[in-house]
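Please model the complete structure; the sequences and the hints are all you need to start from.
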Amino acid sequence: MRRFFRRAAGRLTQWYRGMSIQMVLSLSFTAVALAGIVFMGSSILLRFSDSTERLTEESTQRLLAQVNMNLDSYLRRMMRVSDAVYYRVIKKTDITDRSMVEDMGLLYEENRDSLVSIAIFNEGGALEAAVPLTGSRLTAFPNESTWFRMALEKMENLHFSTPHIQELFDDPDYRARWVVSLSRHVQLTRDGRTERGVLLVDMSFGGIAQVCQNVDLPNGGYVYLIDRNGELIYHPRQQLIYSGLLEENNLTAAAYNDGSHQEVFQGERREVTVKTVGYTGWKLVGVVPNPPLLGEGDYLLLFAIAILLFSAFLMAFLNFRISAYISDPILRLDQAVRELEAGSEEVRFEESGCDEVRRLGRSIASMVSTMRHLMEDISVQEGQKRRNELEVLQSQINPHFLYNTLDSVIWMTESGRTQEAIQMVTSLARFFRISLSGGRRMIPLGDELEHARHYLSIQEIRYRNRFRFRIGALAGTEGLYTLKLTLQPLLENAIYHGMAGVEDDGEITVEARREGDELIIDVSDNGVGMPPAVLEGLLTGRRGESASGGSGIGVRNVHQRLRLSFGEPYGLTVFSEPDEGTTVRIRLPVLTAEEAAVWEEERP
Amino acid sequence: MRRRRHDIVQLMILSVLGGAVVLTLLLPRLPAEQAAGEATEISVILREGDSALWPNIRLGMEQAAGELRAELRVLTPAEINDGGEQLRILRREVEGETDVVIIAPADPAGLDRALREEAVRQPVVSMESALAAGEVTVAPDNRALGQALGEAVIEDGAGDGFVLLVSASPETAGVTDRLAGAAEALAAAGTKVREREVSIAGGDEGLKTLMKHPDLSAVLVLEPLLTEQAAAIKVGLGLAVPLYGVGVTAEGASYLQQGVISAAAAWSDFAAGYLAVEAAVCLSRGEECRTELLPFFIVRGEDVYEPAYQKLLFPVTA
Chain A
121 MRRFFRRAAG RLTQWYRGMS IQMVLSLSFT AVALAGIVFM GSSILLRFSD STERLTEEST
181 QRLLAQVNMN LDSYLRRMMR VSDAVYYRVI KKTDITDRSM VEDMGLLYEE NRDSLVSIAI
241 FNEGGALEAA VPLTGSRLTA FPNESTWFRM ALEKMENLHF STPHIQELFD DPDYRARWVV
301 SLSRHVQLTR DGRTERGVLL VDMSFGGIAQ VCQNVDLPNG GYVYLIDRNG ELIYHPRQQL
361 IYSGLLEENN LTAAAYNDGS HQEVFQGERR EVTVKTVGYT GWKLVGVVPN PPLLGEGDYL
421 LLFAIAILLF SAFLMAFLNF RISAYISDPI LRLDQAVREL EAGSEEVRFE ESGCDEVRRL
481 GRSIASMVST MRHLMEDISV QEGQKRRNEL EVLQSQINPH FLYNTLDSVI WMTESGRTQE
541 AIQMVTSLAR FFRISLSGGR RMIPLGDELE HARHYLSIQE IRYRNRFRFR IGALAGTEGL
601 YTLKLTLQPL LENAIYHGMA GVEDDGEITV EARREGDELI IDVSDNGVGM PPAVLEGLLT
661 GRRGESASGG SGIGVRNVHQ RLRLSFGEPY GLTVFSEPDE GTTVRIRLPV LTAEEAAVWE
721 EERP
Chain B
17 MRRRRHDIVQ LMILSVLGGA VVLTLLLPRL PAEQAAGEAT EISVILREGD SALWPNIRLG
77 MEQAAGELRA ELRVLTPAEI NDGGEQLRIL RREVEGETDV VIIAPADPAG LDRALREEAV
137 RQPVVSMESA LAAGEVTVAP DNRALGQALG EAVIEDGAGD GFVLLVSASP ETAGVTDRLA
197 GAAEALAAAG TKVREREVSI AGGDEGLKTL MKHPDLSAVL VLEPLLTEQA AAIKVGLGLA
257 VPLYGVGVTA EGASYLQQGV ISAAAAWSDF AAGYLAVEAA VCLSRGEECR TELLPFFIVR
317 GEDVYEPAYQ KLLFPVTA
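Heads up: the sequence lines are chains A and B, in that order. For the first sequence, counting from 1, position 445 maps to 565 in the numbering used here; every step adds exactly one. For the second sequence, counting from 1, position 140 maps to 156 in the numbering used here; every step adds exactly one.
These aren't lab readings, by the way, just hints derived from the structure by calculation. Being a predicted model, the structure only gives us computed values, none of them experimental. Treat the hints with care, since some could be wrong.
Claimed, not checked - Covered stretches of chain B, going by a simulated chain A footprint (3 or more residues, C-beta under 8 Å):
1) 36-43
2) 73-81
3) 258-269
4) 279-292
5) 316-330
Backbone N, C-alpha and C define an ideal beta-carbon position, used for all residues, glycine too.
Here it is, written out as structure tokens:
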């Protein structure tokens, strides 16, 4: 179980993490609203159900009280008739002297709407007087009837029978009339002596039925009437019960006390309210079936549920809109940040939504702006740094060369080689003039070649003609631009290392040509060359163990300058065979004067 | 993608809630609309217009019609047991688009034939006699009823003469069955039996002549109207021959009490009427209905006002 809950919690957490803020907000709001509505609805439902039940109960009891009152009134009226017959007719008449029929007839006429007959029997069951029918049926034996026996057994009481067919009198119309008999013991006066007798007042069953029928209880409920033994007196579907087509729970109801009871009869739950009818001991029973699934009472309930559901619908809709209003600016910010992460430069940070979100948007926009500025600064600093590096590299060339040349001039002057010294100084002057080139970093190839020629002239004097040199350029290349001081370090390398073992047949050549979009300058010597191990580390700075003297820093400087200036595809390539010579190939982009000027501007 | 999923979830929630609102608003209307459907029109075609038992049947029918929302149209032939006119009435009702027909057939065989040939669309409930073409029959077990009456005659002692079995509508299957049952029971006891047919419409002379026969040991009448007629003849002529019959009205009960009728077979006419209409409504709704035999009983004079019999024989009326 614990594992199940843990797994469920894990899934929920995973689900929650995968949800957008809008979904979290809208679902949370909606869940809370729905919970509130369900709680409220349940409370209302329970309250409604309770009050409906109470109302039903009260209504049934009220109706039963009304029916009871009407029935009581009806029965009392019958009892008054009985009293009137007894005290105003029987008590005052000696049946030997005069007939009671006339007086009984008057009373019957007064109450004929409710009465079927009034009859007086002597103790043996013989008819003494009766209205409106006067002839006793030969086959009738009243003294065998329950109402007769009861009257004589309990003389002080009035007795009400259950409904039955009146079959005491000869009726020429052969009518079978249902009556409820009210019987009592009476004292008849015959010839001055009193004797026991029975007074029978037969009430029309219709009178009782009229009192009880047309009582509409909730949910199609009805009222029926039983005697103290549960025998049916009135039921709206009485004949169906008599015919065996329907059953009623009347015998159980007879045991109920007054008040409301719940019972299940034939699988149906129903509320039964019982009210005892005063004198008779009869019981009025109100039956209210529990409402069906869509009973009348449920319509109101359904309407209330519809309103609650509509509230939930409205609430959910508002929740979705409000959550969208809150979360949309956040989602737009999130989207903008994602675009920024993806490298987009045209990202716009909206400042919308509530205060916190606007502030967040402003902060992010400010941060991005700061970041951009920082990046620009870094870029500028990087450029500056690169330029500084270039300058440092260039600055490594000049002192080195100047020192060597001046050393040679001193040496030639001291040895009296004045003419050569003058030539050297002149070349040096020309050399420096080109080196300066007005501070420009790009110079025409012609100037660079001129620069190389002066340098070689200086070195040729210095090295006492141990080598010859030749500089050539194919037509159209001299006007192209190259990085200043590219050739001099390579020539210096060729002289110091290539010509190291050469007697007087050294030769250094510089040849320039154009190959497509590239300017190629080969600097070759026929010197000692380099073993592969040295060659491999020449441009990278990683020197092999068998490396000869010389650091090769000048060549490497040129290579790095070219790459820093024009990119990876450009730079130097060195071809060398031991004892054969070395060729260093310079690869440059073809740059016209305009392109060189643009290059200079873009790289301050 | 996520936004789209979110939109779908929201739409689903709103749809469910909206659907629930519409459902709860429409739901109360459905039963009302169902209840507001038209009442079932039932044509009741009897075979005798002035049967003393009819009021009780009618009470049962009206009770059922009130409870089951049905409208009754009661029709009787001008002449008692006129099967031809019954058929004409039936055709007229069928053409008039009645929903269902309840008929007490005067000529069950002829009616059966006509129902089959004319392919009557409406369901037919028969009373008293079974119809092969009718869906439901509401009647007692007529053969057993006849046997029980025959046994009542034997119980009282049939004497040396013959027992006269009288009927007015030999075409009526129910009556024929009663006749056969009674004859069977009497024959089994070795009692001599004679079967005779009389016409109710033609006066009581035929029946009088039959009942005056000197060798009669008992008269067994197998139709309600004829039973009362025979009782009146017996009283009128002062005959002593034991009389047995079918059906108990208030007048019949009086004859029973007086001993004019020795015993009568009876059943609850109220129940018969109620069950007939209940079956008719059930059939008109296309539901399956079962034919149930009405319980019958043999009642004698001393028992007729016993509470159990009272309740069955005399419907409670307000």
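Hint by hint, here is what the structure shows:
Given a C-beta distance limit of less than 8 Å, the hint that chain A covers the segment 36-43 of chain B holds, as 5 residues qualify and 3 suffice. Requiring three or more residues with a Cβ within less than 8 Å of a Cβ of chain A, the coverage given for the segment 73-81 of chain B holds, as 3 such residues are present. With 4 residues carrying a beta carbon less than 8 Å from a beta carbon of chain A, the segment 258-269 of chain B meets the three-residue requirement, and the given coverage holds. Coverage of the segment 279-292 of chain B by chain A holds. Counting CB-CB distances below 8 Å, 5 residues qualify, and the rule asks for three or more.
As drawn, the segment 316-330 of chain B meets chain A at 8 residues by the rule of a beta-carbon pair under 8 Å; at three or more, the given contact holds.
This entry satisfies every hint, going by the numbered hints stated previously.
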